[in-house]
Every structure is written in structure tokens, then in C-alpha cells.
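One-letter residues, chain by chain:
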Amino acid sequence: MSKKQKGGQNLNSYQIRRPLKRMFPLFILPTFLCFIIGFIWPFLQGIYLSFTDFMVPSDAELTVIPAIEAAQKDPSLITEAGGSFSYYMDAMFQNYRKAFEDPSFSRAFWNTAGFAVVSIVAINVIAFAIAYALTQKMRGSNLFRTVFFMPNLIGGVVLGYIWSMIFDAILKQYATYLTANSTYGFWGLVILVAWQQIGYIMIIYIAGLQSVSEDMLEAARIDGANGWQTLFRVTIPNVMPSITICTFLTLTNSFKMFDQNMALTGGDPTITLAGGAQIKSTELLALNIYSTYKIGRRWHGTAQAKAVIFFLLVAVLAIAQLTATRKKEVQQ
Amino acid sequence: MKSQYSLGSKILTCFFAVLCIIWMIPIFEVLINSFKSNAYVNMDAFALPNSESFVGFGNYVKGLTFGNYPLVNSVIYSVVITVLSVGLILLFCSMSAWYIARVDNWFAKLFYYLCLFSMIVPFQMVMFSLSSTAHELGLNTPWTIPIVYLGFGAGLAVFMFVGFVKGLPLEIEEAAAIDGCGPLRTFFLVVMPMLKPTLISVGILQTMWVWNDYLLPMLVLDINDYRTIPIHVDYLKGSYGTVDLGATMAVIMLSITPVIILYLFCQKHIIKGVAAGAVKG
Amino acid sequence: MKKIISMLLVLVMMVGMCAMFAGCNQEEEKGSVYYLNFKPEADEAWQKLAAEYTELTGVEVKVVTAASGTYSDKLNSEMAKGDDAPTLFQCGNAQGLLDWGDYCLDLSNTDVYKEMTTDDFNLRDDSGAVKAIGYCYEAFGIIVNKALLKQAGYEITDITDFASLKQIAEDIHARAGELGFDAFASSGLDGSSSWRFSGHLANMPLYYEFRDDEVTKQPATIKGTYLDNYRNIWDLYINNSAADKTSLSTATGDESQAEFGTGKAVFWQQGTWEYANLVGEKYNMKAEDLQMIPIYCGVEGEAKAALCCGTENCWAVNAKASKADQDATLEFLKWVVTSESGTKMMAEQFGPIPFKAAKEPENVFFADANKLIADGNYTVTWAFNHTPNVDAWRAGVVSALTAYSADQTDDNWAAVETAFVDGWAAQYKVQEGG
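Chains as they are written, first to last, in this note's numbering: chain A, 3 to 334; chain B, 595 to 875; chain C, 76 to 509.
The hints are simulated quantities; they were obtained by calculation from the structure and are not laboratory data. Bear in mind the structure is a predicted one, so any value in this text is a computation, not a measurement. Idealized CB from N, CA, C, for every residue including glycine. It cannot be assumed that every hint is accurate.
[To be verified] Straight line, CA to CA, 27 Å or less: simulated DSSO-like cross-link-like pairs of lysine-lysine: (1) A/Lys296 <-> C/Lys156; (2) A/Lys139 <-> B/Lys862; (3) A/Lys23 <-> B/Lys703; (4) A/Lys174 <-> C/Lys339; (5) C/Lys156 <-> C/Lys105; (6) C/Lys137 <-> C/Lys114.
[What the hints assert, rightly or not] From the derived model, a few chain C residues whose C-beta atoms are all more than 12 Å from chain A: (7) Ser107; (8) Leu131; (9) Gln226.
Using the sequences and the accompanying hints, generate a full structural model.
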């Protein structure tokens, strides 16, 4: 048995692998087919659609095609655009250009960025504080944990309706209402999301805090560290992985926020910018993509282009976050 | 020393007791307003029901048929979709994960990395195309939409299962194989029981997702015939935006009560499952 | 052996498929109707009518109704279904034509079109093809409770223009405490009510501007020539009402309906479609107490104005459906507007319909509308059907109007004008694709 370590492992797992491989259609094919239907195909088609003009995906036409036809009829278009390259590139990326030129999209981007920063800080600080308190010796901490987590079970749409009623009732006493201006809507959403997610994040912090070894804390205490020193020098560095996970989760959650945004304010109030552009002032990116689509067929392609930009943004953030985590893990 | 420590702890307990009561105010608000007539909800949502505003279970009765759509149907469809979707996800994704971890050829690797990739893709990226694909393939009923959920939810589930399977000792499976168990029996009799904690974790996370999901069923299902609970609540806004807040609150109360009761019964599992799932994810 | 079996299997499958296709074809030759209806309140009536037609002719008629506010989403998703897409749907305005023009069959040479009495409510494209036919029309104005008006010491004939309307309304408002009712029902700007002002009331300045400038197609920009009149009438509404001006933002349509229905207000800006609600068991108002008068806003010559008549109810037949289905659909439509049960149902649900065989409706508001026209007054058409990207434009106007109502300053009115005029130009650009 002593020789098993190296060669034996391979040989024996081969006993599992070979019959399993034959069971390919049963074990992995169903998931893979569904994955194609539910993800791969829509993803690829999504990229394609962002370069097209479509009412429904089946009648999509590349935006460059009408431009080619127009140029055949009237070659001066190309010279006007400054050469065929810039002419065709512009036609090709027409949806992307429209997306970037759309003031509601940039507004939604800054809304989302601001919302992400505020909610990440608020949720993590409060959740960590609660988790820290609940992991101290305290009566009733299990009950409290149960209560704090409860809002998580309620869906975003329902939450939106509950809180819009509450905010309206509060603001009514000051003769105003939630969608009177974008500040209310913004902070309303922060409060709603904090209420919903603090419990979830708290659970993760509790798990992290519980894994900090008693011995280490004991050692710090014996060395004469006070409560704050122990917290900042021993506890927090040791729960760094949890902090990374939680920041990541709150970051992606706030970027993908849709249901709560839609149900709470629906993007209202609409404001009229100088020049007449009317935009929804509390819209986040996900909702903006959805409402762009709903404007009408000439915006379907642009909505999809916005979605691609949105995806790239989320992907960059996620990759940055993962790289940061990797580095931290190596350091430890 | 000891009595002082417990005094601090008592203060903390009191503080948290108060905080928890504040935390519950929104749900309490829903409860009290579900017993008030609409005009009084509009007037002062914080007032307790009194003899004038109290309508008994009137709102609940109204809520059951609100919006020309019986709430019971929404509940049934939500349950059907959630149970089928989560069931499919647990079964097929754990099988795939075992295959990926144990076979480990190019295809398994490719699938695994695609799953990882899918986790960072926001739903907005695929939604327009997914809804038309789902229509074309007839995946627009509560009985077939779980296929879409399996497809879009596979990423996280496969990722979590693979992480766990890789930590399982090979020896047990090998022993089963040597005893003449085929892959199917090995999987269901040996691997599946060992996966139990992860199954619970994934199950809970996916249930919370599917049960509360709004946009996917909204885009894919035929909304006249099939509404899930979140869609139903959204449709309470009547024609031209009228809202009967009293009845809306009653419907919300009806829809969250079973969830909360279920949660109170298995909160240990749920909290543990979430913690484990998040650390992996 | 195996090979032979598998070949046989393939053969059987192929034969089966052929049989299936043949079956499909046979069914398709007959044609069927799929109507995507956008009026939930008429759903039941349509279902009944469809069943009757199927029984009569054997042609299958499926009626699906989009939940209120979801019609365009529903149309989007249903049209994506290809062969199972609706054969009959609504396409009611410029925006609809822009989105769905390709899907609208030219109806000019159809029997149902030939049954029509007017071309006023039809939608044509640039080439003049009839893309959608208006199968009914609606009218809106100010509904007056004549009994209350009498109690206040006035007759309906006393109101002939903006000045007299203003004088009477202000007098009633001043004596509201003593009379027990006020002049206007609340002008709520909640989503359930705001369309009455951002849509219907905004029609007044739009209509007069388009009349002056002879605008017949959707204009890219507007000037807002008559916005002062818009302000006049809006001020009149909110200054002479029991509703608190600062809380209009949350006042709902139901609230204003209740105020009028229970006799708390003399005037209420609404349309013909409210008739059934008012005389129905909810409020039990008497038909003889109700009259609809034009919206006066101080424009010269408006004493000769009639009600605002128009429609967004236009049928379009899916141009991408199979020929058999199109024919079945057109046949069905012809039956609806000519048969006894069809015209009866249309009269009950939609009032007077512009078809030769139409039945007289009992709705007194239509009688008001018809009488005003018969007396030689000019119809105020629905100029707001030209609004570009209508939801966004209206939302912008409502926001500005809300701010103005809480604090009626000139600066705040300037914001309304910006939303109205500049917003139009911006939304036109958005609608045209940016």
C-alpha cells in the first residue's frame, strides 16, 4: 500500500473516471444544454444584437448594412465622415455611440457609482459592528441574528413597495413625498438596501469572527492590548478574507440592483435638463437599460449596447476584486 | 470584575433588543396597514387601526382576488417554479460538478471556466435575447421555465459543488467502484450523502433567488396566465397607476408570512447555509 | 441488422414529420384569429363575442388581453412568437406606427374599411396606406354636475367661455363652506391621475398651436404659443378646489372620481369612458344631471369649441401573419362591425363607432359631443397623439407641474415651459433614435 501514493491514485481514479466518462450524456449533457440555452447562446446573441437594429431578435439587422447601402447610393457620405474607415466604424458602433451620448446613461452610471460607494461603506461598517457585538458574550444574540437576517427573505419588488409606503408616510409630515426630488430617492434606496442586506453580510462576518482563534485574542489580552487595539490589530486583520468577500458581494449587488430601484422610485422624478433632455433622476444602470429598451424599437439595439458596456464594467470590477483578493491571500 | 462585565453585556442586550424592534418596524407597518382601509393608509400610515379605519380582514379578502388575478394562482406558480428549478439545479449541477471534478478533461475544464465566467455576467446582458429564445423553445410556462433557471443559475451552483467535491476523499468513491458500483450508484449512494451540507447551502441560495426573482419570469412567462408572487405584487398597481395600499399590504403580508414561518423553523440551516455559501462564493 | 433498424426508424420519423407538416398546412388553410386586446375592461365582452363567432362559423378566435399598462410589453413578447403571433392588435398613435408600422397590413381595400363612416380616426403612413383603423372614438372635456350648479345659482348655459367658467368657479369656491361642495374635483398628479393634465389638458395648447401653424404631422419642435392658456386653466383647477395644492403629487384619480361622484365638486375634467362609473351602482348619479362641456382656457373664439374627440383605439392586422389568418381576421372584423351582436357589443363597450351599422349608445356624453358638432362647433382633435416618446415627455411635464403647483411662481412656470417645449424637441430626437 505504500506505493499507492503516486501511481495508485491515478490508477484508481481511472476506475471512476472511465465509466463516468461514458455516462457523459447523463451527468453533464443536460446541464450543459440548459447552460447553452440559458446563458451561452443569449450571451453571444446579446453581443451580436448590440451591433444591430431590431424589434425582436429574429429581425435584427446590422446597423452597418443600411450605412453601406446609403454609401452606395451617395458616396459623398463617406468623404463627409472623413474617410471610409471612420464612416463604417461609426455605423458599426452606432448603438454604442448612442449609449455614450445618452445623458440618462451617464446619469445612471454616476447614480450607480455613488450608490455603490455609499451602500458598501454603510452596509459593511454597520454589519461588522453588529456582528462584532453579537459574537461577544451576550444574552439573546441568536434571536437578534434571526431578526437582522429576516429582511433578506423578502424580495426586492415587495421591499420596494413596503418602503415607498413608509417613506411617503414619513415625508408626508413634512408636506413632501419620496419622488419629490432625487436626493430622497437616492437615500431611500440606500436605507432600503441597508435594511435588506445588513443581515446577510452580518452572517458572513459572524462566521469570519468565530474563526478567529481564542488563543490569539487571549495572547493579545495578556500582552496588555485594550479592546480597540485587539479589534484593529488582531481581529480585523484576521477577518480580512470575510471583509473582501463582503465588499465584493455588496459591490456586485449594488451594481446589479434592479428590483428595489424599480419598485421604490422607478427612476422618478423625471427632470428636464437644460436643452430639454428629460431623464429619470434616480435610475441605476440596470433599470436604465430596461427603460431604454422600452422606449421603442429604435432603442432596442442601444439598450443591448448599454448592457454590453454594463457587463464589461461589472467584469472589470470583479476581476480587479479577485486579483486584489489573490494578492492578499499570497501575503498571508 | 465579573458583575461589571455582565452589566455591560446587559446594556448591550437592551440596546440590541431596541434595535431589533426598530428593525421590525417595516414588517409591523405592513401588518397594521393591512387592516386599515386605503384612505387611512394614505392619511397616516403610522397610526394604529382604530374603529374608523379598521376593516378587519376586508383587505385580505380583496387581496385574494386583487387585479383580476387570484393570489392563490401566483402562490402555486411561485411554488412550482421554485421547487422545480431548485430541484433541477441541485440534481443536475451536483452531477455535473462530480463529472467535472473527477473526469477533468478539456471539456470539463471548459465548462467549469464558462460557469465561473457566467457568474460575473449581469442578467441585463442576456435578458432580451434570453426572453425571445425562451419563447421560441416554449420555455414560457411555469413547468418549463425551470430549464431557463437551470441554465442561468448553473454557474454558481456548479462552482460551489465543484469546490466541495474536490475536497472529498477519493478513497470512498474508489471503494464503491471496486465493490462494483456504477457511476450512478456511486453518485447517489456515496457522493450525494457527502454533499449534503453543500446541497443545503446551494438550495437555500437558489431558493432565495428564484422565489424572489422578478425580471426573468416577467420577461419570459405569459403574464396573463402565469404570475409569480413578485409579479403579482407589481401588478397591484391598477390601471393608470391607482394603488389600493391597504389591499396591497394585505397581499404582501400573505406572501411573506409563509416565508417567515419557514425561516423561523429552519433558521439554523438557512443561516449556516448562507454563511457557507458566501464564503465559497 | 442494426443499420437496417436505424434506417427504418429514420424513415418512420420522416414520414411522421411529413404527416405533421401536412397536418399543419391543412389547419393553416382555414385560418384563425388571435386578437391581442388592450382594454381589460372589455375583455369579457370580447371573449363572449369571440365564442359566438366561433360557434357560428367554426373559425377559431383567440382573445388575449394585456393587463393594464402592459400592452406594449405584451405586444413585444407576443409578436416575437412568429407563427403564433397575434393577427389583430392595436396600434394607436404615431409612436405605435413607428414601432409596428412594418407589421401593419394596408387595410384600404378591405371590407371592414369600406364599412367606415369617417377617415378621421384612421392612421395612415407616409405613402397614404391605411395602417390602422380607428374603431371607436372618445371625447373628453369638463364634466359638470348640473344639479350642484343649480344649487349654486347657475345654469349650464351661463358657461360659454373661459371668463364665465372662471367667474362661476371662483364664486363657488369662495362659498364652498356654505354650499357643502367645491368647484373642481382634485387635480391629482399621482400616476393614476396625472395623464389627465399632461395628456388631455396639454392637448389644448397643442391643438391650438397646431391649428395656427397648420401642423398635420408630428412636428420635431413646438413653440408653446398657448402655454399661458394652459397656465390659466391649470391655475383655475387648483386654486378652486378643496384639494391641498402641496399634496397634489399623491392625489389619485380615484380620489377625484369619488369627490365628483359623491357630489363634493361641480366640475371634473374627464372623458366619455367615465359615464358608466358615474351612473353605475357606485355613485348612482342621474344621467340628466350630467353634461360634458368643452375645456375653455381663454383662447380667442373658443366659444365655438366642441369637445376633444379622438382615439387611440385603432385596429391593425398583422402583415406578417399567414394569408389565411389575415383573411380570417378581416372576415371576423367585418362581422364585428356589421352583425347584430357585434354592433351591440361595440356600442355597449365603446360608444358610438364610426361604422355604417353602428348602434346608438346610451352614454349622454356622446350625445353632448355629437350635439356640439351638429351645432357647427369645431372639434378639438387629439393633438397629443403626436407627442414623441410620450411617457417620458409626460413624466417631465408632470414633475415640473408638481413643483409649480406647490409654489405658483413665474420661475416654476418657466420650468413647466421648458419641460413642455424643450422636452418635446429632446423627446422627438430620442424617438427618432437619438
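These are the hints, each one checked on the structure:
1. A/Lys296 <-> C/Lys156: holds, 18 Å
2. A/Lys139 <-> B/Lys862: holds, 19 Å
3. A/Lys23 <-> B/Lys703: Holds: A/Lys23 and B/Lys703 sit about 14 Å apart, inside 27 Å.
4. A/Lys174 <-> C/Lys339: Answer holds: A/Lys174 to C/Lys339 is near 24 Å, not above 27 Å.
5. C/Lys156 <-> C/Lys105: Distance ~20 Å between C/Lys156 and C/Lys105 Cα, so the pair holds.
6. C/Lys137 <-> C/Lys114: Since the Cα atoms of C/Lys137 and C/Lys114 sit roughly 15 Å apart, the hinted pair holds (cutoff 27 Å).
7. Ser107: About 21 Å separates C/Ser107 from the closest Cβ of chain A, which puts it past 12 Å; holds.
8. Leu131: Fine: 34 Å to the nearest Cβ keeps C/Leu131 off the interface.
9. Gln226: Since the minimum Cβ distance to chain A is about 33 Å, C/Gln226 lies beyond 12 Å and the statement holds.
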